[in-house]
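*Asks:* So the protein sequences, as listed, match chains A and B. If you count the first sequence from 1, position 37 lands on 37 in my numbering, and the numbers rise without skipping. If you count the second sequence from 1, position 242 lands on 242 in my numbering, and the numbers rise without skipping.
Treat the hints with caution; some may be incorrect.
Unchecked claim - Some chain B residues near chain A, calculated using beta-carbon distances under 8 angstroms:
{"#": "1", "residue": "Thr7"}
{"#": "2", "residue": "Lys14"}
{"#": "3", "residue": "Glu15"}
{"#": "4", "residue": "Arg19"}
{"#": "5", "residue": "Thr83"}
{"#": "6", "residue": "Thr86"}
{"#": "7", "residue": "Ala89"}
{"#": "8", "residue": "Ser90"}
{"#": "9", "residue": "Ile234"}
{"#": "10", "residue": "Arg236"}
{"#": "11", "residue": "Gln238"}
{"#": "12", "residue": "Arg239"}
Read the hints as simulated data drawn from the structure, not as lab findings. Built from N, CA and C at the ideal position, the CB exists for glycine as well.
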Amino acid sequence: MPEIERRLPHQEKETINMNQTAIQTDHLSRAFGAIRAVDEISMEIPHGIIFGFLGPNGAGKTTTIRLLLGLLEPDSGSAEVLGCDTRSQADEIRARSGALLEHSGLYERMSAEDNLDFYGRVWHMPAGERQARIRELLSGVGLWKRRGETVANWSRGMKQKLAMARVLLHRPELVFLDEPTAGLDPVAAAALREDLLSLVQKQGVTVFLTTHNLSEAEKLCQQVAVIRQGRLVVIGSPDELRLRSGGQRLEVIGRGFSEALILALRQRPEVTDVVHNDRHLDIRLRGEPDTSPLVQLLVAGGVQIDEIRKGKASLEEVFLTLMEEEKDV
Amino acid sequence: MFSDIMTIIRKEWKEMLLRRGNYRSSLLNMAIILGMLGVFFPLQFGPDWLAPQSMVIIWCWVPVFLALSMVTDAFAGERERHTLETLLASRLSDRAILFGKIGAAIAYAWGISIVGMLVAAVTINIAYPAEGIRFYPLPFFAAVLAISLLVAGLFSSLGVLVSLRAETARQAYQRLGVVMILVFLLPSIGLQFLPQEFLTRVLSGLPDLNIQVLLLAVIAVLLLANIGLILAAIARFQRARLILD
Numbered sequence: 001m002p003e004i005e006r007r008l009p010h011q012e013k014e015t016i017n018m019n020q021t022a023i024q025t026d027h028l029s030r031a032f033g034a035i036r037a038v039d040e041i042s043m044e045i046p047h048g049i050i051f052g053f054l055g056p057n058g059a060g061k062t063t064t065i066r067l068l069l070g071l072l073e074p075d076s077g078s079a080e081v082l083g084c085d086t087r088s089q090a091d092e093i094r095a096r097s098g099a100l101l102e103h104s105g106l107y108e109r110m111s112a113e114d115n116l117d118f119y120g121r122v123w124h125m126p127a128g129e130r131q132a133r134i135r136e137l138l139s140g141v142g143l144w145k146r147r148g149e150t151v152a153n154w155s156r157g158m159k160q161k162l163a164m165a166r167v168l169l170h171r172p173e174l175v176f177l178d179e180p181t182a183g184l185d186p187v188a189a190a191a192l193r194e195d196l197l198s199l200v201q202k203q204g205v206t207v208f209l210t211t212h213n214l215s216e217a218e219k220l221c222q223q224v225a226v227i228r229q230g231r232l233v234v235i236g237s238p239d240e241l242r243l244r245s246g247g248q249r250l251e252v253i254g255r256g257f258s259e260a261l262i263l264a265l266r267q268r269p270e271v272t273d274v275v276h277n278d279r280h281l282d283i284r285l286r287g288e289p290d291t292s293p294l295v296q297l298l299v300a301g302g303v304q305i306d307e308i309r310k311g312k313a314s315l316e317e318v319f320l321t322l323m324e325e326e327k328d329v
Numbered sequence: 001m002f003s004d005i006m007t008i009i010r011k012e013w014k015e016m017l018l019r020r021g022n023y024r025s026s027l028l029n030m031a032i033i034l035g036m037l038g039v040f041f042p043l044q045f046g047p048d049w050l051a052p053q054s055m056v057i058i059w060c061w062v063p064v065f066l067a068l069s070m071v072t073d074a075f076a077g078e079r080e081r082h083t084l085e086t087l088l089a090s091r092l093s094d095r096a097i098l099f100g101k102i103g104a105a106i107a108y109a110w111g112i113s114i115v116g117m118l119v120a121a122v123t124i125n126i127a128y129p130a131e132g133i134r135f136y137p138l139p140f141f142a143a144v145l146a147i148s149l150l151v152a153g154l155f156s157s158l159g160v161l162v163s164l165r166a167e168t169a170r171q172a173y174q175r176l177g178v179v180m181i182l183v184f185l186l187p188s189i190g191l192q193f194l195p196q197e198f199l200t201r202v203l204s205g206l207p208d209l210n211i212q213v214l215l216l217a218v219i220a221v222l223l224l225a226n227i228g229l230i231l232a233a234i235a236r237f238q239r240a241r242l243i244l245d
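Next up, chain B with everything else stripped away, as it sits in the complex (with noise of 0.2 angstroms):
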């Protein structure tokens, strides 16, 4: 299943890099991508675009776009496109096309981001030289590695089941992003009405939080999300339903 499954990454990427109608202008988008987290931005903030509090705020965000965007083309897309009864006719499992799909958005936005976060370490030493070296915070930079991978997991996952549920790889993005600003904006609203009491407390609290604890906390959750969210997508995608769709 190995090799079906890199079969299929390998031809999501190709036609990912292909979606502008050649290579050329896909790998100029990703450059202006990589060129603006980079460069572009951490010359604006200056060292402290490699403080923890930047990146969990940064990297733990870009995934999740670059993941949505291309996990809708995969899916709502192929079905447009109409070619996805003929690979659901090949010799390839369900898994193996479903996983195949995940791992390219996953390994895209997480390679994205990964790559972003190294360029801009470099941008940073070279437009502001110190005497050593300046990176991330290692157990800061080893926690938004995973917590990035996992996002991007999870992103992709969700995008499996609400792309299957569109009729077309633009519908599917549009409730994506129905869905991110139900997940992200309806917590800020809701911390509105909380009283302002309980927030003082937790608030002060918080300095005597272990961020690391935190942050751990904050990967078991994402796991878990993960797990459940791609246990829902392999019940989802079989093709006896998708054909029926």
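Here chain A stands alone, though its shape is the one from the complex (with noise of 0.2 angstroms):
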């Protein structure tokens, strides 16, 4: 059983056990008038990793921070953070938690320094901790030497990084990041990343990441769940859902494919399906099969291979396949 050391601001060293529950919800739902934000959402996610929330706009991922936070109350069923009831111990909730939510929220009038040395007061941290861990925090961020400019005349990566600093100043069990890579360069969204899975990996801090970018979560997260109209759609590990979504797959480009040979492929067991477009073809397969009986039909079918790819669905394909069935129903 994988354990951690972690020690909070004031408090004793505390063991935590990687697989307690981090959150746990029971048909949680929040409606507002007749729009159902979130609708029956029961999951449990376990401590010590990172999580992917993912869903199109308006989906009801940000209502769902608000609900875990304890910003929104309910209309019916129920969630538990860190051991604590959202609607009673709400309190105790947001002080064990970091939120980075759709606003970087901080005070641009003010430094670097002075936006967490008010957080730092905040979460009771004394004066001697506090300079410790924000020089701690801003040097890890390349941030140190400036962290007496105006934060109005930075840039969205930097307000980000500081943002992310906010968070993590009082050592939090869990953070819940709203799309935190959002408008990020590529650079600096990368090194935000490593950030966050050296954050779970050392410190052992559960995330809850709600995202647009799929390649991001397919990276980051051990389990994900993606919701649509408020209600769950699905959630389970990245390989879970490329199962789910058909196992492996092989892409072939060339010439030839003609209409009997996509036929035969289709009527082998180990495919699921077959798209033709032009010079490309993708063939979707059952599991994980030896897939050289199919190159040896496709080659006696007289069909000129160029190029040849085995691989596993994107969760990106994934979540596209979900969101069209989720239409359909």
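Since each chain comes alone in its own frame, lean on the hints to assemble the complex.
*Replies:* As structure tokens, then:
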């Protein structure tokens, strides 16, 4: 059973069991008028992972975060965060969590150091510890030398780094991040992703991440959930989602794909579907079968093969498939 | 909760002082206000500036404007700059945030008023030397201190209620301007329509009125109004409502 040690401000050293549940919801629901923003969501998120919460705009991601932070009360159902009920123990949840919401929430008239100093005081960090932690975090993101500058003049990437430093200032056990890399350049986004991975691996923090960037979710998340119109569509590891969406695939680029050959491929037991588009053939497979018989079939059928790629469906493809399925429903 | 309130007050003052880009500009602005109220006007009016009538008229008004400019920025401005939700997601209680913001506005408005009153007294003593030290009549000074504090509190709480319904700090300030007109202008207009005989009778009775009792009555009314508005602000300033605004 993996365990890590964490020391929180003013608290005894405590041991966190990685197998504990960080977030648990039971038919959590919240409506705004006729719109059911969050509709009967039930999920369980273990400690010490990055959990990706994916969904199109207006799916209910931000409302879910607000419910989990106790900023909104659910209409029905319940949620426990870090073992605390969101209705009756919201203060405790907020005290032990950090949140980077839709906006960075930085006081732009103030300097970077003043921003962190304010939130350090909010979390009752003693002066010495506060100063040391501010230095540690700002040095970590390369902003220590610019700590006295007014935040308003900074780039979005720098502001986002500072906002992340603010979130981590009081060493939270759980961090809510609402699209943290939105609007960042690729270098800044990659650096932030590295920081997140390090945060989970070294400090055992649980991260609840909403993002539109599916490749980002694929790289970072041990578990993902897809939400649409307030309803939970699917939850599981990225691999589980890929399997749900058809497992492996074989992409063939070449010439001479006849209708008879495509029909023959479709009749093979290991093939679930074949999509032909000009010089591109996409063969979707059941599980992870041996693909050499399929290649032999193509060659025997007279196909001139330029390139063959074998791989799994990306999370983006899984997501789009799920969205299509839901639309049909 | 006290340390949380002090944390918010400290933050609000810092933001207020940086409203013009840097501390120097804001301190200069404060110095101009104090220069006008503590030096320029006292020199123009002379020793009458320390008379009870001037005291009541000037120092019960000044905190209103100072409190309103700060409280609109603290509430509507915080939401306009998208920092409110992050603050609400912190461990601070609703009341600590509310009282911190109101406290910052009251302390600023009242503090400037007190400093202004003291600077004015010094100015009068330097510009118009007399045998003894000239100062405000002490009972009036104490009453005006209390009234200016309560007026600052009253308009700060009123500012909270209006600011929470405004999208921007500017809109909140404009709406409060309209409220001010209604509160202060309508009674004056209303007086025009009162029968002349009634007004004459009231005015002839004024010299017999015990001014200390009148001041105590004003303080009591302001105190009650403060309590009412603060309770309304507490009821309104709740996370679940603020998030949905």
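*Asks:* Now tell me if each hint is right for this structure.
*Replies:* To see whether the hints hold, each was checked on the structure:
1. Thr7: holds, 4 angstroms
2. Lys14: This hint holds: Lys14/B lies near chain A, its Cβ roughly 6 angstroms from the closest one there, short of 8 angstroms.
3. Glu15: holds, 6 angstroms
4. Arg19: With a closest approach of 7 angstroms, the Arg19/B hint holds.
5. Thr83: Cβ of Thr83/B sits 5 angstroms from chain A, so the hint holds.
6. Thr86: With Cβ-Cβ at 3 angstroms, under 8 angstroms, it holds.
7. Ala89: holds, 4 angstroms
8. Ser90: holds, 5 angstroms
9. Ile234: Since the shortest Cβ distance to chain A is 17 angstroms, the answer is violated.
10. Arg236: Violated. Min distance 16 angstroms.
11. Gln238: At about 10 angstroms, which exceeds the 8 angstroms cut-off, the nearest Cβ of chain A leaves the hint on Gln238/B violated.
12. Arg239: Given a least distance of 5 angstroms, the restraint on Arg239/B holds.
In this structure, the hints that do not hold are numbers 9, 10 and 11, in rising order.
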